[in-house]
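Sequences listed follow chains L and R, in order.
Under this note's numbering, the first residue of the first sequence is numbered 1, with each subsequent residue one higher.
Under this note's numbering, the first residue of the second sequence is numbered 1, with each subsequent residue one higher.
Don't read these hints as lab results, they were simulated from the structure.
Note that beta-carbon positions come from the ideal geometry of N, C-alpha and C, so glycine has one too.
One or more of the hints may lead you astray.
Pairwise CB distance ranges, derived in the manner of DEER restraints [claimed, not checked]: (1) Asp174(L) with Arg47(R): 20 to 26 Å; (2) Gly68(L) with Ala44(R): 47 to 53 Å; (3) Ala15(L) with Ala187(R): 24 to 30 Å; (4) Arg82(R) with Asp89(L): 17 to 23 Å; (5) Asp89(L) with Ala36(R): 53 to 59 Å.
What the simulated footprint calls covered on chain R by chain L, stretch by stretch (three residues with Cβ under 8 Å from a Cβ of chain L suffice, anywhere in the stretch; the number is not a length) [as the list claims (entries may be wrong)]: (6) 144 to 151; (7) 184 to 190; (8) 229 to 242; (9) 271 to 279.
Each chain, letter by letter, is given below.
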Amino acid sequence: MHAVICDPGLDPSAAWATARLRERLGDVLLVHLDLLGLAAGFALEIDDAGFRAGLTLPDGRRFAPARGAAVLNRVARPPRALVQGPDADYAAEEVSAAAVAFLTAFGRRIVNAPHPSGLAGRERRPAEWRHLAALAGLPTRAWQAGDAAAPAPAPRQGVVIDGMAFGLPDALADAACALARLADLDILGLAFDAAGRLTGATQLPDLRIAGAPGIDALAALLAARAAEDDA
Amino acid sequence: MILLVGAPDEGPLARVMAALAEIDAPHVLFDQSGVACELVLTSADGRLGGVFRGPDGVEVPVDAIRAAYTRMIDHARMPAYRAADAEARARADASNQAVATLLELLPGLVLNRAAAMASNRSKPYQLALIRRLGFDVPPTLVTNDPARVRAFHARHPRLIYKSISSVRSIVREAGADDLARLDRIRACPVQFQALVEGLDIRVHVVGSQVFATACASPVVDYRYAEGAAELTPYELPEPVANRCVALAQALDLPVAGIDLKRRPDGGWTCFEVNPSPGFSWFEAATGQPIARAIAALLAAA
Numbered sequence: 001m002h003a004v005i006c007d008p009g010l011d012p013s014a015a016w017a018t019a020r021l022r023e024r025l026g027d028v029l030l031v032h033l034d035l036l037g038l039a040a041g042f043a044l045e046i047d048d049a050g051f052r053a054g055l056t057l058p059d060g061r062r063f064a065p066a067r068g069a070a071v072l073n074r075v076a077r078p079p080r081a082l083v084q085g086p087d088a089d090y091a092a093e094e095v096s097a098a099a100v101a102f103l104t105a106f107g108r109r110i111v112n113a114p115h116p117s118g119l120a121g122r123e124r125r126p127a128e129w130r131h132l133a134a135l136a137g138l139p140t141r142a143w144q145a146g147d148a149a150a151p152a153p154a155p156r157q158g159v160v161i162d163g164m165a166f167g168l169p170d171a172l173a174d175a176a177c178a179l180a181r182l183a184d185l186d187i188l189g190l191a192f193d194a195a196g197r198l199t200g201a202t203q204l205p206d207l208r209i210a211g212a213p214g215i216d217a218l219a220a221l222l223a224a225r226a227a228e229d230d231a
Numbered sequence: 001m002i003l004l005v006g007a008p009d010e011g012p013l014a015r016v017m018a019a020l021a022e023i024d025a026p027h028v029l030f031d032q033s034g035v036a037c038e039l040v041l042t043s044a045d046g047r048l049g050g051v052f053r054g055p056d057g058v059e060v061p062v063d064a065i066r067a068a069y070t071r072m073i074d075h076a077r078m079p080a081y082r083a084a085d086a087e088a089r090a091r092a093d094a095s096n097q098a099v100a101t102l103l104e105l106l107p108g109l110v111l112n113r114a115a116a117m118a119s120n121r122s123k124p125y126q127l128a129l130i131r132r133l134g135f136d137v138p139p140t141l142v143t144n145d146p147a148r149v150r151a152f153h154a155r156h157p158r159l160i161y162k163s164i165s166s167v168r169s170i171v172r173e174a175g176a177d178d179l180a181r182l183d184r185i186r187a188c189p190v191q192f193q194a195l196v197e198g199l200d201i202r203v204h205v206v207g208s209q210v211f212a213t214a215c216a217s218p219v220v221d222y223r224y225a226e227g228a229a230e231l232t233p234y235e236l237p238e239p240v241a242n243r244c245v246a247l248a249q250a251l252d253l254p255v256a257g258i259d260l261k262r263r264p265d266g267g268w269t270c271f272e273v274n275p276s277p278g279f280s281w282f283e284a285a286t287g288q289p290i291a292r293a294i295a296a297l298l299a300a301a
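With these hints in hand, go ahead and build the complete structure from the sequences.
Have a look at this one:
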């Protein structure tokens, strides 16, 4: 069964997408991100036999990587650690590190893939995004690192899903897809100012921007990944 | 021009700086222990620009920097930063942010880039990569479930436990007292590994060169042997040395510290890869020219 990992209270876009994915893919689990590291029976095992991960959901079902099921990664923050007091910061680091490894166990069957610098994909500074965008052929503003300028308004936003651009004019679509490839992301959100210059990018875009065609693309991507053999 | 980043009295950085001076390789230091260095980093249409300004009046255009070696520290913890006025702190913050950005975007050689170094922030994440790249790894369990630990313990009578993240922890063998308080792990997962017998070998990879050091010690974690660790140069079998170089390259770490154990059965187990190895302790004990190798790699870029 496919799944969406998110905090639905903080991510209405993920909840919206889950409902529409269920229309296309059948039952889709909604897994709260705080379960990563903290659910009963959370376990990662690495040995000569391979890399296995799993946790027990509140309803008693086991959630683990499996052929035939893919995951939409909407982990927008580290899972909450239960430890308080002087060890709280240490526990937070430990839970976050365990969560990255858990998500990695899904291999190609997770969209977007996690990175140790970011649970939903590699974190990049705004300057890095703009630099990468320029290399991809997108119009960007010149920047100076450390600029404390207020974020520019972004009257145009778009989403790239599996090499298809949604919400963007044709003039930007190819370069937007190129940026997603350069960033090694299945899903990428982009924001542009009134002059059509990139102002920001995110691994966790509002999927509602992509509308029904975007959900069709996402459902197709999850189905394709679910069918892939293990690497 | 080679850019060095860190504090000048820090062991590995000091040794690399001295090695660069020995071979007359032009270099500048972005001294994070003070607030006098400035880096302005700009970009237009994907082309990096800007300038480095040192405390001695030296100026280097960013586009002249072709290699970098970093031992980045948290500049905000340095006494000079704390003693500085608000304006100087703001300048230092901006310059340190610019340096961090430059180290990710610089087209030349960077030892090492933060994105590559991040693999060590989740040890099981990195261990899974190491396993995929062909090394034996210790049987490992990360869990918050005491029953799973007991079952793991039944299969592996001697266990160690250590941090999951890059937060430094002392590797300890799980004793009866630890196993009696397993219920505490329900609040936070813990990483357990089967204790692997054998000789600890630290391998420093620098480009395609390897410097292996045997670390004999009476304790589980030789780093905390309190003077009882004996470090000696070690000749790795060529296939193992080649696999270490391949591992470092696959992790995009031209400089890496790989922790191996040579098992009594002659096999090799890899525990983790340190992406910013503090090699000076090993170099001082063995005389292996690690800093010179790093300097040569930087100078050749």
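Hint check:
{"no.": "1", "hint": "Asp174(L) with Arg47(R): 20 to 26 Å", "in the structure": "21 Å, holds"}
{"no.": "2", "hint": "Gly68(L) with Ala44(R): 47 to 53 Å", "in the structure": "48 Å, holds"}
{"no.": "3", "hint": "Ala15(L) with Ala187(R): 24 to 30 Å", "in the structure": "29 Å, holds"}
{"no.": "4", "hint": "Arg82(R) with Asp89(L): 17 to 23 Å", "in the structure": "21 Å, holds"}
{"no.": "5", "hint": "Asp89(L) with Ala36(R): 53 to 59 Å", "in the structure": "31 Å, violated"}
{"no.": "6", "hint": "144 to 151", "in the structure": "holds (count 3)"}
{"no.": "7", "hint": "184 to 190", "in the structure": "holds (count 4)"}
{"no.": "8", "hint": "229 to 242", "in the structure": "violated (count 0)"}
{"no.": "9", "hint": "271 to 279", "in the structure": "violated (count 0)"}
In summary, the numbered hints that this structure violates are 5, 8, 9.
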